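Using the hints, position chain L against chain S.
As you go down the protein sequences, you meet chains S and L in turn.
Note that my numbering numbers the first sequence so that position 63 is 63, with each residue one more than the last.
Note that my numbering numbers the second sequence so that position 91 is 91, with each residue one more than the last.
Incorrect hints may have been included.
Quick look at which bits of chain S chain L covers, simulated, 3 or more residues with Cβ under 8 Å [claimed, not checked]:
(1) 1-14
(2) 30-41
(3) 49-59
(4) 68-76
(5) 82-96
(6) 136-148
Example chain S residues on the side facing chain L (calculated, C-beta under 8 Å, incomplete) [unchecked claim]:
(7) Q19
(8) A21
(9) L116
(10) C129
A few chain S positions that, by computed beta-carbon distances, are all more than 10 Å from chain L [stated by the list, open to error]:
(11) H112
(12) A119
(13) V120
(14) A122
I should point out that these hints are in silico values taken from the structure, not numbers from a laboratory.
Predicted model only: the values in this text are computed from it and were never measured.
The beta carbon of each residue, even a glycine, is placed where N, CA and C say it ideally should be.
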Amino acid sequence: MVFLMLLLVILSGAVLCAQSAINGRLGADVGVLESAWLTFALGTLVSFLLAFFLEPPHAFTLFSVPRWQVAGAFFGVIYMLVIVFAMPRIGTAAATVAVISGQLLMSLLIDHFGWLGNAVIALGARRGCALVLLAVALVLIYQSNARREQAAQA
Amino acid sequence: MKHFWVLPLVVLAGMGLSVEAGLLGPLGAAAGHLWATLGIFGIGTTLLTLGLIFSRPRLGLLFAQPRWLLTGGLLGPVYVVALTLATPHIGVGLTMVGILFGQVAASLVIDHWGLLGSARRAVDRYRVGALVAILAALWLIH
Numbered sequence: 001m002v003f004l005m006l007l008l009v010i011l012s013g014a015v016l017c018a019q020s021a022i023n024g025r026l027g028a029d030v031g032v033l034e035s036a037w038l039t040f041a042l043g044t045l046v047s048f049l050l051a052f053f054l055e056p057p058h059a060f061t062l063f064s065v066p067r068w069q070v071a072g073a074f075f076g077v078i079y080m081l082v083i084v085f086a087m088p089r090i091g092t093a094a095a096t097v098a099v100i101s102g103q104l105l106m107s108l109l110i111d112h113f114g115w116l117g118n119a120v121i122a123l124g125a126r127r128g129c130a131l132v133l134l135a136v137a138l139v140l141i142y143q144s145n146a147r148r149e150q151a152a153q154a
Numbered sequence: 001m002k003h004f005w006v007l008p009l010v011v012l013a014g015m016g017l018s019v020e021a022g023l024l025g026p027l028g029a030a031a032g033h034l035w036a037t038l039g040i041f042g043i044g045t046t047l048l049t050l051g052l053i054f055s056r057p058r059l060g061l062l063f064a065q066p067r068w069l070l071t072g073g074l075l076g077p078v079y080v081v082a083l084t085l086a087t088p089h090i091g092v093g094l095t096m097v098g099i100l101f102g103q104v105a106a107s108l109v110i111d112h113w114g115l116l117g118s119a120r121r122a123v124d125r126y127r128v129g130a131l132v133a134i135l136a137a138l139w140l141i142h
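Chain L extracted, bound-state conformation:
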């Protein structure tokens, strides 16, 4: 795989995400989960806007795309709302397992049929094995 080095990079990014979640939890408890989400998105937008200003932005191209390609940002807050609704009912552990299961299952489906404009990568024995290994790891941790 010529993009082998991308894999450890993504693992590192995932580690950062855990740190973010660790910071976000107490913040949400103190100031409200939606406000905490706004804080994260607001700071992020500010940083990226600064970055865009000092690069050669092609923002015009964004609005030449089909509209469904622009909906990515709308789905993030949906996730936070679902999280806040569900956690009091089923607990943090089960919530996390459910989310991770949903992510992995959806990723296999998206790749298999090449949905949402991604390249097709059919489900094979290796992918099923990876799914089983992740589920077993989740079960062991929680």
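Isolated chain S (complex conformation):
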């Protein structure tokens, strides 16, 4: 069961990446705003169907939780616009590595300062090393892209 679930999350990570690649391609052909809009519109339709038919009743609904909890959407929209714009320009791997670095950097900051009502987990040696490794990954991907462009020009 554990193995099956692990396979499922790895696959869904791959699906996430495929989605970004498809959106980037569509954005290059049609327009950044249009591509992001389509993703959100389809996402709304599908998640409405899933939520309406599959979710058991909860103590709260979207309309009874504090409004700021739904404010995450603003970040999601900006992310989608940036990724659609960036994908065709820097490639799938560079964009993915950059997004992940940003996510991990921010989650370490959130933990360190206890933002958003989270417990404080101080930035120790392990997490410091992890940040350095993320920076290394970004530099390596940048190097790979830069060399490829040099080769293309030569």
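The following block gives chain L in isolation, referenced to the frame of chain S:
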């Protein structure tokens, strides 16, 4: 690389995504994960629709594209369902590591063969190095 400035922009967008995830978790626990997803997508669609109305939308072009290019939005909810199914069995930490691993591995594969209409960028030593560095960082954090 002439698009160097795009890289920090994407890092910033990723940071925003973490804030979103931090907000989405408690919302999902209170109101249900699928409803939380609907809330995020619904608000996002509203904002972008407003944006489209006041720009010069070329939505007609969308429907002239091959249909597989329009499936991007269908895959997002798949991810949420997988997340809700898996987390109780393997825990949040392992779930995150699995997803990030899947993302990075898929991104290298997509670039290497130029799948899904993206430009070809072959796997080289630098890319393998980046993959190893990300995996090591994940291992250190979790």
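Q. V120 (chain S): least C-beta distance to chain L exceeds 10 Å?
A. Non-interface label on V120 (chain S) holds, nearest chain L Cβ at 14 Å vs cutoff 10 Å.
Q) In terms of beta carbon proximity below 8 Å, does the stretch 49-59 of chain S have 3 or more residues touching chain L? A) holds (count 7)
Q | Coverage of the stretch 30-41 of chain S by chain L (three or more Cβ within 8 Å) | A | Since 11 is at least three, the answer is holds.
Q: Apply the coverage criterion to the stretch 68-76 of chain S and chain L: a residue qualifies when its Cβ sits closer than 8 Å to a Cβ of the chain, and three qualifying residues are needed.
A: Our answer is that it holds, as 9 residues pass the Cβ test (under 8 Å) against chain L, meeting three.
Q) Per the CB criterion, is Q19 (chain S) less than 8 Å away from chain L? A) holds, 4 Å
**Q.** Non-interface claim for A122 (chain S), where every Cβ of chain L lies beyond 10 Å
**A.** Label holds. Min Cβ-Cβ 13 Å, cutoff 10 Å.
Q) Are all beta-carbon distances from H112 (chain S) to chain L longer than 10 Å? A) Consistent with the label, H112 (chain S) stays out of reach of chain L, its closest Cβ about 12 Å off (over 10 Å).
Q) Taking the minimum C-beta separation from A119 (chain S) to chain L, is that value above 10 Å? A) About 12 Å separates A119 (chain S) from the closest Cβ of chain L, which puts it past 10 Å; holds.
Q. Holds or violated: C129 (chain S) as interface residue toward chain L, Cβ cutoff 8 Å?
A. holds, 5 Å
Q. Given L116 (chain S) as an interface hint, is the shortest Cβ-Cβ distance to chain L below 8 Å?
A. holds, 4 Å
Q) Per the coverage rule (Cβ-Cβ under 8 Å, at least three residues), is the stretch 136-148 of chain S covered by chain L? A) holds (count 12)
Q: Three residues minimum, CB to CB under 8 Å: does the stretch 82-96 of chain S make the cut for coverage by chain L? Let me know.
A: holds (count 14)
Going down the numbered hints, you'll see the structure goes against none, and every one checks out.
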